[in-house]
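Peer 1: Chain by chain, the residues:
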Amino acid sequence: MSYEEDNCIHWERLRSGDKQAFFALYNNTYAHLLRFGLKICGNDELVKDCITQLFLQLWSKQQTLRPVSNVQAYLFTALKRHLIDQLTYQSKIHAAVNRMTDEASERELSYEEIIIQVQQDEELKQRLHRAMKALTPRQTELIRLKFFEGLTYEQIAAQTSQSMKTAYNTVYDAIKTLRRLLK
Amino acid sequence: MNFQDYEAVDFACDESFQRYCLEEDDAAILFWEDWISQYPGKKAVIQEARHMVELLSAKQGNRLEQLRHLKDGIAQYDLLQHALVAAPENETISLRRVLPYAAILAGIVLLATTAYLFYQKQLPHSADRMLISAGNELRKTVVLPDGSSIILRKNSTVELAAGFNQVNRDLTLTGEAFFDVTHDAQHPFMVHTALVDIKVLGTVFNVSAYTGNGQMETALFKGKVEVAWKAMPERKITLQPNQKLIINAATVQAPTAAGAQTYKVMPLDADPVDHKAKEIAWVRNRLEIENEPLVEIAAKLEKWYGIPVTFADDEVKNYRYSGTFESETIMKALDALQLSYPFSFRMVNGVIIISK
Numbered sequence: 001m002s003y004e005e006d007n008c009i010h011w012e013r014l015r016s017g018d019k020q021a022f023f024a025l026y027n028n029t030y031a032h033l034l035r036f037g038l039k040i041c042g043n044d045e046l047v048k049d050c051i052t053q054l055f056l057q058l059w060s061k062q063q064t065l066r067p068v069s070n071v072q073a074y075l076f077t078a079l080k081r082h083l084i085d086q087l088t089y090q091s092k093i094h095a096a097v098n099r100m101t102d103e104a105s106e107r108e109l110s111y112e113e114i115i116i117q118v119q120q121d122e123e124l125k126q127r128l129h130r131a132m133k134a135l136t137p138r139q140t141e142l143i144r145l146k147f148f149e150g151l152t153y154e155q156i157a158a159q160t161s162q163s164m165k166t167a168y169n170t171v172y173d174a175i176k177t178l179r180r181l182l183k
Numbered sequence: 001m002n003f004q005d006y007e008a009v010d011f012a013c014d015e016s017f018q019r020y021c022l023e024e025d026d027a028a029i030l031f032w033e034d035w036i037s038q039y040p041g042k043k044a045v046i047q048e049a050r051h052m053v054e055l056l057s058a059k060q061g062n063r064l065e066q067l068r069h070l071k072d073g074i075a076q077y078d079l080l081q082h083a084l085v086a087a088p089e090n091e092t093i094s095l096r097r098v099l100p101y102a103a104i105l106a107g108i109v110l111l112a113t114t115a116y117l118f119y120q121k122q123l124p125h126s127a128d129r130m131l132i133s134a135g136n137e138l139r140k141t142v143v144l145p146d147g148s149s150i151i152l153r154k155n156s157t158v159e160l161a162a163g164f165n166q167v168n169r170d171l172t173l174t175g176e177a178f179f180d181v182t183h184d185a186q187h188p189f190m191v192h193t194a195l196v197d198i199k200v201l202g203t204v205f206n207v208s209a210y211t212g213n214g215q216m217e218t219a220l221f222k223g224k225v226e227v228a229w230k231a232m233p234e235r236k237i238t239l240q241p242n243q244k245l246i247i248n249a250a251t252v253q254a255p256t257a258a259g260a261q262t263y264k265v266m267p268l269d270a271d272p273v274d275h276k277a278k279e280i281a282w283v284r285n286r287l288e289i290e291n292e293p294l295v296e297i298a299a300k301l302e303k304w305y306g307i308p309v310t311f312a313d314d315e316v317k318n319y320r321y322s323g324t325f326e327s328e329t330i331m332k333a334l335d336a337l338q339l340s341y342p343f344s345f346r347m348v349n350g351v352i353i354i355s356k
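Same order as they appear, the protein sequences are chains A and B.
Each step along the first sequence adds one to the number in full-length UniProt numbering, with nothing skipped, and position 175 is 175.
Each step along the second sequence adds one to the number in full-length UniProt numbering, with nothing skipped, and position 333 is 333.
Please note that the accuracy of each hint is not assured.
Lysine-lysine pairs mimicking DSSO-like chemistry, simulated, CA-CA at most 30 Å apart [unchecked claim]:
id, chain 1, residue 1, chain 2, residue 2
1, A, Lys176, B, Lys264
2, B, Lys264, B, Lys230
3, B, Lys42, A, Lys176
Think of the hints as simulated: they come from the structure by calculation, not from any bench.
Chain A on its own, in the form it takes in the complex (with noise of 0.2 Å):
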């Protein structure tokens, strides 16, 4: 069965009131919507809050839940109005919430930029800042893949016509490249 159809049916026995669906539905898009929520802002803190926030919410009004024709868009809509609501209220990140309601300057988070910001540490953050500069461009997007998507080698080698062994070269060399740099 397919990922959104198994959401739909943990979607209408959360409806009805079971607590097993509401976590399977919990575990099924936790992944996606933590990296959605990442792309948003890079605090992963705040995201990973937020998604628990969300779920209490979606369990206290169980009963009051309409039928869903996509439960992860759903999810995704609720989860940004979470983290806009959040933002707003934590009112220091003015940048993030302006450019998250602009709907004409929208713009994603890139990957380095995602990876950075999570890092609480000043120094680490100028390392990995670094560090990621030496990598080659396909060396970067095949560690995107690889730890932020979370593809497999197989998947990652058929997304961009290579074998699965270049890709794991590919991805080794990186994170020689990088352990060596971040050191």
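Please build the complex by placing chain B on the supplied structure of chain A, with the hints as guidance.
Peer 2: Relative to chain A, chain B alone:
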């Protein structure tokens, strides 16, 4: 290639290892936890590999940790629903108002510990004051007439002043409690403890005032509270979010000696794993121990379970442990601890004695 020959880069590139780091599938988690325990010599290499995966995945791991938080939240929610059904006399409460979970997750806590010595203040005598006690329950949830809700910890008591929610919103606390206070600018919410008065301007916080503890502690996560010394009303401290105020109670007895009363304002104690402050852990229904010596753990267990714990040997006091306990008995908790590094314990006349 054998895993034993793997270097950090090899681990980081291994798909099963990546799934373990990101907690994506249980089989990988089990396999690697087992493998790592078999080869403790590879610890440094594994740690480095994990660090790389964490960096490059933008910290996407710890789904299970987050799932635990959600389950805690749901359990708290169900608990409150239950409490609401049990408190039908509170007609004015709207459900929306007493849902403290989002607030708990946002992490708003105020913690105050007060020495028993100072709890000799005379409570106002009035026929209308109302006493609420948790007794032996681990946690008791109460909804106040003004719509604020409280989770009282074991052996804790709050006493509402006469005219609560009519002419004032004053109460007195012994023990520890988590408050979700309804905003009402006209009627500030006041928490009296033996040592200080805490003025709250509509927020969520936690106050603890334990017996026999040498210091008082007030910790705030969000919102604003003003702490005023009873002995010196002119001395007030307004806490900023993520700060805690610690007063050494032993010195309060001589308030006239200028400067003798030591107090300090410190940042909250954030948990390195989930970044939640340790001050709030009890509300989340578990006891968390992070690489602490047994002597400190014993003090926590004593507070947590309400039973005295003493040591027969000094040596065991320095054994260090980590662990998380949820609503278990103290016997089970000690059993679990001594699995990783053995000690023995016995119960004599209602006191637990720990020895080698």
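Peer 1: Please go over all the hints and tell whether each is borne out by the structure.
Peer 2: Evaluation of the provided hints:
1. A:Lys176 - B:Lys264: 46 Å, violated
2. B:Lys264 - B:Lys230: 17 Å, holds
3. B:Lys42 - A:Lys176: 18 Å, holds
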